[in-house]
Amino acid sequence: MSTWMPWTIAGKDFKVLKRKRTIIYTLIVFPLVLAVGLPALVWLLITKDGVQTGNMLPYFNAFDFLFIIIASLIPTSMASYNFVGEKVEKSLEPLLATPVTDNEILLGKSIAWICCNHRCT
Amino acid sequence: MIDTDNLTRKFGDVTVVDGLTLHVNEGEVFGFLGPNGAGKTTTVRMLCCLISKTSGEARIANYDVGNASDSLKIRRLIGLVPDNVGLYEDLTAYENLDYYGKLYKRTSKQRMDSIEYLLNLLGLWENKDAMVGMFSKGMKQKLAIARALIHDPEILFMDEPTANLDPESAKTVRDFILEMKKAKKTIFLNTHNLDEAQRICDRIGILKTKLMALGTPAQLEQSASGRKTVIELRAINDAILDALKKLTIGKMTSDDNRLTIDVVNPKEENPAIVRAIVEAGGDVESLSVLSSTLEDIYLKLVRESQ
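Going down the list, the protein sequences come from chains A and B. Using our numbering, read the first sequence as starting at 1 and increasing by one per residue. Using our numbering, read the second sequence as starting at 1 and increasing by one per residue.
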């Protein structure tokens, strides 16, 4: 397996990603809702009942696991979207007709979305 | 260059390609004709190692299509223009070609030179930095052809490259195929367009799950039972019809003062026919030979297979 071929595929995916606003918004909005929206909602509900802010910290910590879920969910769902996208846009057939192995394609797609997820989280 | 021997592909119980045996020579433009669902695209997909064969053999430049290690070598030799262009619409024309150049391990210099040459040849150089999503169908088709040629392949598979194109774009693509023909590229052309096949292809195969006919356009047109002699007479009478019936000629029909006779070899049969008519007292006003067109042969074969 060529070492730089997956990076070529990942590089192309990065370029496409940067230009697809719907994907960028999805990657920003979902973590933002979990990181800011939900804690803000909890904070509002609790302070409404007159609870001290210091007593709220365990509740905020409860959201930590959501970030782990995001970190595992987004790259897999986005990578699968990437394959489905290639299939839908009919670009998979010409790609598979090139001398690139299936492993190189899989690795390239994974690199793109793992790096992308890392930046978002 | 391309050899298949009894190549068969089934999807479940349905046989899509049945026992296809053909040979395409190096530098030849081979046209593959057939109605929708005839198995043309499936054949191309098998030959491009995109799907596996059910049985039979296929070799490209002596590499075995069914062999996993050979399939990568085959993919380096071939270029594919699929029926759906499959370009990245969020990338520019240049970026699309550059990406494929990298996948074929072309150096930076080679990629730059090839892209400039191909985009200029296809009249797309001015649009090299435009997003492909903004391109017309014809421009996308031309770009897909450029993509297939980015690594200067020896064999080019084209699946209906002029389908859905306006006449001007279709002509540009056809002219480009003729340029490739001059450059001695082996081209495997799937098409519905009989006129296109007749003008471009060295040989034509007609497929309807099975290979129905194979030969040069001229050979197919001159296939037996394909010619008719039409004779206009001042008047037709029983003496003329009786005289013609004595000759060993094909099916004869008369309509008003016109006789239509099926002939195998017009040069040999027509003088005898005219002599018989004249000796029976007939006056020949005109005589013409109608050859079967490729369309006639195609329709006849496809209808027979149904």
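Derived by calculation from the structure, the hints in this document are not laboratory data. Any given hint could be a false lead.
[Unchecked claim] Derived BS3-like pairs (lysine-lysine); straight-line CA-CA distance at most 25 Å:
{"id": "1", "chain 1": "A", "residue 1": "K20", "chain 2": "B", "residue 2": "K73"}
{"id": "2", "chain 1": "B", "residue 1": "K105", "chain 2": "A", "residue 2": "K90"}
{"id": "3", "chain 1": "A", "residue 1": "K15", "chain 2": "B", "residue 2": "K300"}
{"id": "4", "chain 1": "B", "residue 1": "K171", "chain 2": "B", "residue 2": "K128"}
{"id": "5", "chain 1": "B", "residue 1": "K171", "chain 2": "B", "residue 2": "K181"}
{"id": "6", "chain 1": "B", "residue 1": "K228", "chain 2": "B", "residue 2": "K210"}
{"id": "7", "chain 1": "B", "residue 1": "K105", "chain 2": "B", "residue 2": "K185"}
{"id": "8", "chain 1": "A", "residue 1": "K20", "chain 2": "B", "residue 2": "K181"}
{"id": "9", "chain 1": "A", "residue 1": "K90", "chain 2": "B", "residue 2": "K128"}
{"id": "10", "chain 1": "A", "residue 1": "K87", "chain 2": "B", "residue 2": "K137"}
As the structure is a computational prediction, the values presented were derived from the model and not from experiment.
In rising order, the numbers of the hints this structure does not comply with: 1, 3, 6, 8
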